[in-house]
Amino acid sequence: TPRFKMAAALKRTVEALMERGAIVRNLENLGERSLPYKISRHKERHKRGGYFLIDLEAPPSIVSPMMEHLGRDIDVIRRAFIKHPLAKAEECGGIIPVSPEEKLSSKKN
Amino acid sequence: ACLGCRAVPLLTVTVSLAAALWARPRRLQHEGQPGRSDQPIHMENPYKDPPKRCVLCGINVDYKNVQLLSQFVSPYTGSIYGRHITGLCNKKQKEITKAIKRAHVFGFMPIMFKNPQFLTDPKLCNIKHPE
Chain A
1 TPRFKMAAAL KRTVEALMER GAIVRNLENL GERSLPYKIS RHKERHKRGG
51 YFLIDLEAPP SIVSPMMEHL GRDIDVIRRA FIKHPLAKAE ECGGIIPVSP
101 EEKLSSKKN
Chain B
1 ACLGCRAVPL LTVTVSLAAA LWARPRRLQH EGQPGRSDQP IHMENPYKDP
51 PKRCVLCGIN VDYKNVQLLS QFVSPYTGSI YGRHITGLCN KKQKEITKAI
101 KRAHVFGFMP IMFKNPQFLT DPKLCNIKHP E
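If you're matching them up, the sequences are chains A and B in order. Numbered per full-length UniProt numbering, the first sequence spans residues 1 to 109. Numbered per full-length UniProt numbering, the second sequence spans residues 1 to 131.
You can take every hint at face value.
Heads up, simulated DSS-like pairs for lysine-lysine below, C-alpha to C-alpha not over 27 Å straight-line:
{"id": "1", "chain 1": "A", "residue 1": "Lys38", "chain 2": "A", "residue 2": "Lys11"}
{"id": "2", "chain 1": "A", "residue 1": "Lys107", "chain 2": "B", "residue 2": "Lys91"}
{"id": "3", "chain 1": "B", "residue 1": "Lys91", "chain 2": "A", "residue 2": "Lys103"}
Hint data in this document are derived by calculation from the structure and do not stem from the laboratory. This one's a predicted model, so the numbers in the text were calculated from it and none came from an experiment.
Chain A on its own, in the form it takes in the complex:
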């Protein structure tokens, strides 16, 4: 059954992460939907997939071995690591009007 396969794949991933010394904070299921475009992976053309988001705390040296590990896993279609998007202070004070002299000067930004 596909649900069992997904659960098994998730379990494998999380165990591999914990093995390398990562602290898993949260695991979110972003739902199962049809992919925006057909993806070929492991000699198969995929149209549907489940999206999962794992919140973790780990040293950056874990990224490359984990990417290799997930690349070898048949059930994983696409893998990615990103920095945790920290809640930035909402300091947006609006568009500050720039005087025409500043625009003409060659200073970048």
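Given chain A's structure and the hints, the job is docking chain B onto it.
Chain B only, in chain A's frame:
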């Protein structure tokens, strides 16, 4: 002389009353203070408009909400609209571009077209804007 003798108390009374009623004119009051000049006081324009905000000012941009990202993408080609069309400030335009490219790679958003689910969303970009 007689008039003066009899009218003295009356006169004094009237003078004091008039003093209470008669307010000293302003220019005489100020003349006495040498430190203050009558030049205009420098202050920031109190009638200034609040700074203009772009559509996304204060909204957190995420690669996961494909609906928001799709509003800044062409429905025909799927290409990202430029700054002159979206009307966003520099920071938000950069954030949107980065988020859209991420969503493309991670398989959240289609690349060559706009998701048909989001075609009827409110239009934020004026496509007919002359360059």
